[in-house]
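Which chain is which? The protein sequence lines are H and S, in order.
Numbering of the first sequence is given in this note's numbering, commencing with residue 4 and proceeding in unit increments.
Numbering of the second sequence is given in this note's numbering, commencing with residue 4 and proceeding in unit increments.
What the hints contain is simulated information worked out from the structure, not anything from laboratory work.
One or more of the hints may lead you astray.
One copy or any two copies: either way a pair holds, since identical chains are not told apart in the list.
Pairs of lysine-lysine residues, derived as DSBU-like cross-links and limited to a Cα-Cα distance of at most 35 Å, are as follows [what the hints assert, rightly or not]:
#1 Lys239 <-> Lys98
#2 Lys182 <-> Lys393
#3 Lys407 <-> Lys393
#4 Lys407 <-> Lys151
#5 Lys12 <-> Lys98
#6 Lys154 <-> Lys407
There are 2 protein chains.
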Amino acid sequence: MQIVNGFSKFSRSEKLNWLNRETNLSQQTLEILDTHLHREEAIQEVYGDLSENTVSNYYLPLGLAPNFLINGDLMTLPMVIEESSVVAAASHSAKFWALHGGFHTNVLGTSKVGQVHFTWSGDPETLQAIFNQNMVLLLNSVTPMTRKMEKRGGGITSMEIHSAHPELPRHYHLFVRFKTADAMGANFINSVLESLASQLSQMLENDVSEGRLEIIMSILSNYTPESLVQCYVEAKTEVFRNMSPELSADQFARKFQQAADIATHDPYRAVTHNKGIFNGMDALILATGNDFRAVEACGHAYASRNGSYSSLSRVDVSEGSFRFSLEVPLSVGTVGGLTGVHPMARASLEILGNPSAELLMQITAAAGLANNFSAIRSLITTGIQQGHMKMHLGNMLRQLKASKEETRRATRYFANRTLSYSDLSAYLDSIRNQNQQE
Amino acid sequence: MQIVNGFSKFSRSEKLNWLNRETNLSQQTLEILDTHLHREEAIQEVYGDLSENTVSNYYLPLGLAPNFLINGDLMTLPMVIEESSVVAAASHSAKFWALHGGFHTNVLGTSKVGQVHFTWSGDPETLQAIFNQNMVLLLNSVTPMTRKMEKRGGGITSMEIHSAHPELPRHYHLFVRFKTADAMGANFINSVLESLASQLSQMLENDVSEGRLEIIMSILSNYTPESLVQCYVEAKTEVFRNMSPELSADQFARKFQQAADIATHDPYRAVTHNKGIFNGMDALILATGNDFRAVEACGHAYASRNGSYSSLSRVDVSEGSFRFSLEVPLSVGTVGGLTGVHPMARASLEILGNPSAELLMQITAAAGLANNFSAIRSLITTGIQQGHMKMHLGNMLRQLKASKEETRRATRYFANRTLSYSDLSAYLDSIRNQNQQE
Numbered sequence: 004m005q006i007v008n009g010f011s012k013f014s015r016s017e018k019l020n021w022l023n024r025e026t027n028l029s030q031q032t033l034e035i036l037d038t039h040l041h042r043e044e045a046i047q048e049v050y051g052d053l054s055e056n057t058v059s060n061y062y063l064p065l066g067l068a069p070n071f072l073i074n075g076d077l078m079t080l081p082m083v084i085e086e087s088s089v090v091a092a093a094s095h096s097a098k099f100w101a102l103h104g105g106f107h108t109n110v111l112g113t114s115k116v117g118q119v120h121f122t123w124s125g126d127p128e129t130l131q132a133i134f135n136q137n138m139v140l141l142l143n144s145v146t147p148m149t150r151k152m153e154k155r156g157g158g159i160t161s162m163e164i165h166s167a168h169p170e171l172p173r174h175y176h177l178f179v180r181f182k183t184a185d186a187m188g189a190n191f192i193n194s195v196l197e198s199l200a201s202q203l204s205q206m207l208e209n210d211v212s213e214g215r216l217e218i219i220m221s222i223l224s225n226y227t228p229e230s231l232v233q234c235y236v237e238a239k240t241e242v243f244r245n246m247s248p249e250l251s252a253d254q255f256a257r258k259f260q261q262a263a264d265i266a267t268h269d270p271y272r273a274v275t276h277n278k279g280i281f282n283g284m285d286a287l288i289l290a291t292g293n294d295f296r297a298v299e300a301c302g303h304a305y306a307s308r309n310g311s312y313s314s315l316s317r318v319d320v321s322e323g324s325f326r327f328s329l330e331v332p333l334s335v336g337t338v339g340g341l342t343g344v345h346p347m348a349r350a351s352l353e354i355l356g357n358p359s360a361e362l363l364m365q366i367t368a369a370a371g372l373a374n375n376f377s378a379i380r381s382l383i384t385t386g387i388q389q390g391h392m393k394m395h396l397g398n399m400l401r402q403l404k405a406s407k408e409e410t411r412r413a414t415r416y417f418a419n420r421t422l423s424y425s426d427l428s429a430y431l432d433s434i435r436n437q438n439q440q441e
Numbered sequence: 004m005q006i007v008n009g010f011s012k013f014s015r016s017e018k019l020n021w022l023n024r025e026t027n028l029s030q031q032t033l034e035i036l037d038t039h040l041h042r043e044e045a046i047q048e049v050y051g052d053l054s055e056n057t058v059s060n061y062y063l064p065l066g067l068a069p070n071f072l073i074n075g076d077l078m079t080l081p082m083v084i085e086e087s088s089v090v091a092a093a094s095h096s097a098k099f100w101a102l103h104g105g106f107h108t109n110v111l112g113t114s115k116v117g118q119v120h121f122t123w124s125g126d127p128e129t130l131q132a133i134f135n136q137n138m139v140l141l142l143n144s145v146t147p148m149t150r151k152m153e154k155r156g157g158g159i160t161s162m163e164i165h166s167a168h169p170e171l172p173r174h175y176h177l178f179v180r181f182k183t184a185d186a187m188g189a190n191f192i193n194s195v196l197e198s199l200a201s202q203l204s205q206m207l208e209n210d211v212s213e214g215r216l217e218i219i220m221s222i223l224s225n226y227t228p229e230s231l232v233q234c235y236v237e238a239k240t241e242v243f244r245n246m247s248p249e250l251s252a253d254q255f256a257r258k259f260q261q262a263a264d265i266a267t268h269d270p271y272r273a274v275t276h277n278k279g280i281f282n283g284m285d286a287l288i289l290a291t292g293n294d295f296r297a298v299e300a301c302g303h304a305y306a307s308r309n310g311s312y313s314s315l316s317r318v319d320v321s322e323g324s325f326r327f328s329l330e331v332p333l334s335v336g337t338v339g340g341l342t343g344v345h346p347m348a349r350a351s352l353e354i355l356g357n358p359s360a361e362l363l364m365q366i367t368a369a370a371g372l373a374n375n376f377s378a379i380r381s382l383i384t385t386g387i388q389q390g391h392m393k394m395h396l397g398n399m400l401r402q403l404k405a406s407k408e409e410t411r412r413a414t415r416y417f418a419n420r421t422l423s424y425s426d427l428s429a430y431l432d433s434i435r436n437q438n439q440q441e
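Isolated chain H (complex conformation):
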């Protein structure tokens, strides 16, 4: 392979011809790339324009999880996820809790954050004094950009100078809080910050006797601990009386709490525990055209805020009552960005009744808590593999076009064996050969 120049200017077929010459793709792969284009040119153009050098689309199945009772309203959640059993787990959990009061959610804040990082060679107090004198001027300088957001209830809500860190002398940042209404607000925040940075520079240029200011960079922070949502389910422990033939309702509640407590204290468990929460949350984030990298980075950093990585959910059991709660920062939008452009994101938002950003935070948290509940329930009763493998085996049997009898025999055979597609295929071949010989 040789370095290729001007690749982004190639047409789609030029790109694929080049790739084929360099890597010798199979006919099957070339066909797969073709058949995954959307059948309507105008819609395909939308997908092609979302990213660069696009040659096809990657499919993630969109499933429906009904029976989510959230603050008294029943909803059906569109979930986009490639991992089997996530939608099933969400649905089971949703239905169980719909019969026991549902999910209670609460938005604790929606503050977004941006920073202008800079160095200042002079005295810190002088910097602070100059900033205090000029703050109104600075805010006024960006009103042409913030006016529209202010009409929607957003805008800049605070602005402070912070020194960076003891290890970084002379480093400071402007720490700006924003409200961005129903938008995630990345473009808005970054545009305002870049403008503030250039104003800040100009402001201090005139008076270099006190010190020199140099801008390093201006950018939103994906860490938004004050854009926070809470979600919980609550019931008498007796609702768990049919959870397991081996556990009484109280035993189930206690064992559930044990499992959650382990995730509070053991980072090896906490990571997997939280990963299960994100299984549910990301499925909503993807479906609605939001940015799962932003949500993941923020949520996991929040999970480590007390110095040791810990779980995002907790369980309280006392006097026959069970409460399971999740607190997670989420920065999401239901207008702007991909939400208005991506056809399937638009469809997902319609399925949800075109929610506000605050409502989407709450729905997303409920999906996370629902999946967390199902995962712990499986882990402390049947084990995670039984459900997984049953589903996995079922899918593979369907793909291998197994008959009812073959399905019955394979299910028995693989009950105590590790399952793989090749083993299953070999097993079916063996019983099919056997039948032919009989």
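Chain S: place on chain H using the hints.
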């Protein structure tokens, strides 16, 4: 809306009819759900079976990032991502570094982790003694499950009893390390752990005089700090001489280091910095059918391992040399799971030359470092918005079918204004009306 029973048993059209009755979907949404099914029934069945209650597919564009020179081999990376500019950023960075030695990568380990959590009422030393006596027996009990993995170079590599945490008296876990060859190994690890748990129970059942053991749960950990990959680029700082009209090569290198150092010490910046790394990594993880929730949870927990959330990459500049490196835990597979089932994941792996899991770790890390490099470069030179907005504006103008003249005027008009689809659309309407009146 009412609680629905037996929803998972409904056919696709029954599901959609029910949803439509409950939420009154638009004709457009129903059409979108239909037209996003794959045109070939057999392929659509594969996607439908990946998850549950599936009614359509969510499209993420697949783009190509050429010119990745990794340990001397040139590669083209398939990247699946909905965020504009990620593939462009990766490609720019790849081409730049291909001319300056490329990416150097190194796998530091591939250990996976699983835990059997349990309580033990007796003396800890007795537990340890019983475990030591029975360890071989325990390992032998799972050889029917591990034999095949051992042939591929994997299997169990260590097994220890750990006490859980001072806050959790009488809680312990069996801490098991695995190698899983080219598989991510989740099903394998969970099956082995569940079997070990049941053996462990049986082993101690006979001798309850010393204490009682109760299994809480058995599950792999997504935290795999010993499945670790390193990646770096390195050059004389003079390679940066054309990076910016305002910065000399040395100034660029120093400012780049400043930006990276801020991300080391400031969690608000570290989260966004690492998010940019995951932009590139997740695009590979998605394309190859791996689990981005697992990779995200692990990587961010690793970023917090020293008690404060920090950046995963670092910069060293000394004596005219620049080195930019990333160290990140990655647990990925190139066989098993979705990799063999998802048609587009198979295509992506073929584009990459069907790599081993270790090679995929290295490619993924290179994509992460490439995106991190481009992000910092933009931030410290033109700012992040210039590139973003240019691309964003271009896409929207294409969608609004703007003429060359309209494109020229809109580009000038929005140079100093916040861009939104509705504003752009209104602006185009206004100049189109103007033209009609002339």
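Against the structure, the hints:
Taking the shortest Cα distances, Lys239 and Lys98 sit within 35 Å of each other inside one copy (17 Å), while across copies they are farther apart (61 Å). Taking the shortest alpha-carbon separations for Lys182 and Lys393, only the inter-copy value of 25 Å comes in at or below 35 Å, while the best intra-copy value is 46 Å. Taking the closest pair of Cα atoms, Lys407 and Lys393 come within 35 Å of each other only inside a single copy of the chain (15 Å); across copies the shortest separation is 57 Å, beyond that limit. Proximity of Lys407 to Lys151 under the C-alpha cut-off of 35 Å is restricted to the inter-copy arrangement: shortest distance 29 Å between copies versus 62 Å within a copy.
Taking the shortest Cα distances, Lys12 and Lys98 sit within 35 Å of each other only across copies (15 Å), while inside one copy they are farther apart (51 Å). Only between protomers do Lys154 and Lys407 lie at most 35 Å apart by alpha-carbon distance; the minimum there is 33 Å, versus 62 Å within a single protomer.
Hint compliance for this structure: no hint is broken.
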